Amino acid sequence: MRYQLIHRTRYIYEGSVTVSHHLARLAPRALPGQRCPWHELQIVPVPVGRGVHIDAFGNTTAYFEVEGKHETLEVTARSLVEVAPAEAQDPSATPPWETVRDACQAEKLTPGSDAGAFRFASPMVPVGPDFAAFSRPDFPPGRPVLEGVIALMDRIFREFRFDPRATDVTTPVADVLRKRAGVCQDFAHLMLAALRSIGIPARYVSGYLETAPPPGQPRLIGADASHAWVSVFCGDAAGWVDADPTNNLLPGERHITVAWGRDFSDVSPLRGVTLGAGGQLLQVAVDVIPLGEG
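Under our numbering, residues 46 to 339 are what the sequence shown spells out, in order.
Read the hints as simulated data drawn from the structure, not as lab findings.
Hints may be right or wrong, so weigh each one.
[Claimed, not checked] Taking CB as the label site, the calculated pair distances span:
| hint | residue 1 | residue 2 | range |
| --- | --- | --- | --- |
| 1 | A257 | F202 | 15 to 23 Å |
| 2 | R316 | E59 | 14 to 22 Å |
| 3 | I99 | E59 | 32 to 40 Å |
| 4 | P185 | E110 | 52 to 60 Å |
| 5 | R123 | D199 | 29 to 37 Å |
| 6 | E119 | I99 | 23 to 31 Å |
[What the hints assert, rightly or not] Simulated pairs of lysine to aspartate or glutamate, EDC-like, Cα-Cα distance not exceeding 16 Å:
| hint | residue 1 | residue 2 |
| --- | --- | --- |
| 7 | K153 | D135 |
| 8 | K224 | D208 |
| 9 | K114 | E59 |
| 10 | K224 | D175 |
Every value quoted in this text rests on a predicted model; they were computed, and no experiment measured them.
A virtual CB, placed ideally from N, CA and C, is assigned to each residue, including glycine.
Work out the full structure, taking the sequences as your base and the hints as a guide.
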C-alpha cells in the first residue's frame, strides 16, 4: 500500500522568541516491509542552520536552528511511503517466554542479547512487581512468547478505556494502571512496563495509522494523528513482532513506522528549546492519504 503523509506542527508563542533549537523525528524508517522514496521538511521561519543524523536507535533525526524574533514556528513534513503486508507469524511456533527472557541475558552476542537493551526501565517506563503481577496471567510457565504478547494486548484493549481526558503526556504509567484509562501512548507504555518487568525486551514505536471515515462520510483533512504501539522481541527466528494494544491487533500495512526507542521521550516527533517564548500553543494536524497499491 502507498501513502502520502502530511504532518503539520504549528507553535504559537505568547512572546517573541529570539533563538530556538529543535530536533524532529518525522521521516519514516526504511524497513524490510516499508520504503520511503521521498521525504521533505519545510520550516517557517527559514532556519539559519539545519542538518540530519541517525540517532542511537537508527531513527532519522533532523536538527534545525531558528534565529531572529518570531511569534510562530511551522514545521511541515511530507513523505511518500510504501508498506507491504506483514508476514504472518504462528504464535504457537515461537519459543517459551522464559527462553526469550534467558537468551536476552546471554554473555555472547546474539540477536537476543542485542535485543536485551530493551528489557530495562527507561525514563517513562518503570519496571517493578506491580507491572510483573499485571502481566503474569498472560505468561504462565512454558507459554509461547507471542501467545502471551497477544493475550496481554487483548487484555489491555478489553480492560482499559480510551479516554484522552484521563491522562496527558506526563502521566506516570502507574497512574494509567490504576485509572484503567488513557490513550495510545499510555497503553504502549503500560505494555512495555508489563513485558520488561518479566524480562521480555520490548520497544516503543511511533508512527501513523491509516484511519478510514465511517461509511458514506467524507474523509476529514487533518483528522488523522500520530500513533504509538510496541514491538516485542520473540526469539531469534521470529525476531521483532509489533503489537497495537489500542486496537488489539498485530500491525500490518495500515501502520506506518517512523521511529522507535525505549519510550516516547526517545521518539518525540518534534521537540526543542526556545529563548524568550513564555507560554506556547501547539497545533498538530496529520493526514494519512492512501494512494492505492504500490
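Handout entry: Hints breached by this structure
Key = 7
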